[in-house]
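Heads up: the sequence shown is residues 1 to 322, going by UniProt numbering.
Treat the hints as calculated values from the structure; they're not laboratory data. The beta carbon of each residue, even a glycine, is placed where N, CA and C say it ideally should be.
If you anchor each label on the Cβ, the simulated ranges turn out as follows: (1) 7 to 295: 14 to 22 Å; (2) 318 to 129: 39 to 47 Å; (3) 245 to 17: 43 to 51 Å; (4) 306 to 1: 27 to 35 Å; (5) 103 to 243: 50 to 58 Å; (6) 249 to 292: 43 to 51 Å; (7) 198 to 245: 21 to 29 Å; (8) 50 to 281: 40 to 48 Å; (9) 306 to 281: 32 to 40 Å; (10) 299 to 157: 37 to 45 Å; (11) 243 to 211: 18 to 26 Å; (12) 55 to 17: 14 to 22 Å; (13) 198 to 293: 47 to 55 Å; (14) 243 to 74: 49 to 57 Å.
Below, in silico cross-link-like pairs of lysine to any residue (SDA-like), each with a Cα-Cα straight-line distance of 25 Å or less: (15) 285 to 272; (16) 17 to 296; (17) 219 to 195; (18) 34 to 96; (19) 194 to 165; (20) 194 to 238; (21) 154 to 190; (22) 34 to 272.
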Amino acid sequence: MQAWRVHRNGEPGEVMKLEEADLPVPAEGQVLLKVRAANVNFPDALLCRGQYQVRPPLPFTPGVEVCGETEDGRRVLATPALPRGGFAEYVVADEAALLPAPDALDDAEAAALHIGYQTGWFGLHRRARLQPGETLLVHAAAGGVGSAAVQLGKAAGATVIGVVGGAAKAATARELGCDLVIDRHSEDIVASVKEATGGRGADVVYDPVGGDAYAKSVKCIAFEGRVLVVGFASGTIPAPGLNHALVKNYSIVGLHWGLYNTHDPAAVRACHDELAALAAQGIVKPLVSERVPMAGAAEAVQCVADGTSTGRIVVLPPGGTR
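Working from the sequences, and respecting the hints, build out all of it.
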């Protein structure tokens, strides 16, 4: 089969190589899947760089989520077992963790539903306790993780303010349903949020960026607001001033979604059922901006690494049916 492999750490476009590889062999409790679509995530770039919290042995295949087909014909969502990730024609995955792919979504959309939307749902509902009528501020609102948070925030009855970089991404954020879009290249985030909320600030901040995004967020957070730390796409991990959190009465809340797979897998399945129901109603629909052939995977991961992508880029291996 064909598979992308990384033999040394570095930028995805430089270190990912498309090679011939042996079919993976499932261990006990695992199943073999034919990959129908593999979604590109920012962690794939971090894996290539050797900067992710999980560091698989070299060589490895990136690709942390797929829509695949079991040998008995079921269409499922899975997180492949590293070091043999999803940018390949076949993967193995733990059978107990397989989730049915929603009928309302095609393969590319389904591949993009799992990690980003689960992260959004657990972050907004389990960690930040977002309530109807509250104001949600989403950084990188036109990106893969941010676009999911925007849709889930609107579904929860929140007023959603999206922060983006550039006019094209601003247009995408508006199409996603943001009530207000702030272009960080040309507008003052803090002043805009305070003006939009009558000086109160945002009740919940969804921050997959870190760095300057975090610094500005705590300047426009509401009384008893919650800053949800999801990731650090900027490359800069903030050092929170806890005295500031104390005097302004806000919470700094972390989210590592993968821990739910270990500590509460039943909650992951319940979340998937809710997401599938929202997809069936057309309330959430992953924004797939590009569907690229297998040969384009390295370029796609580099695009996500560089922050130039909008929504999701999905890799379609040869023989994909939808």
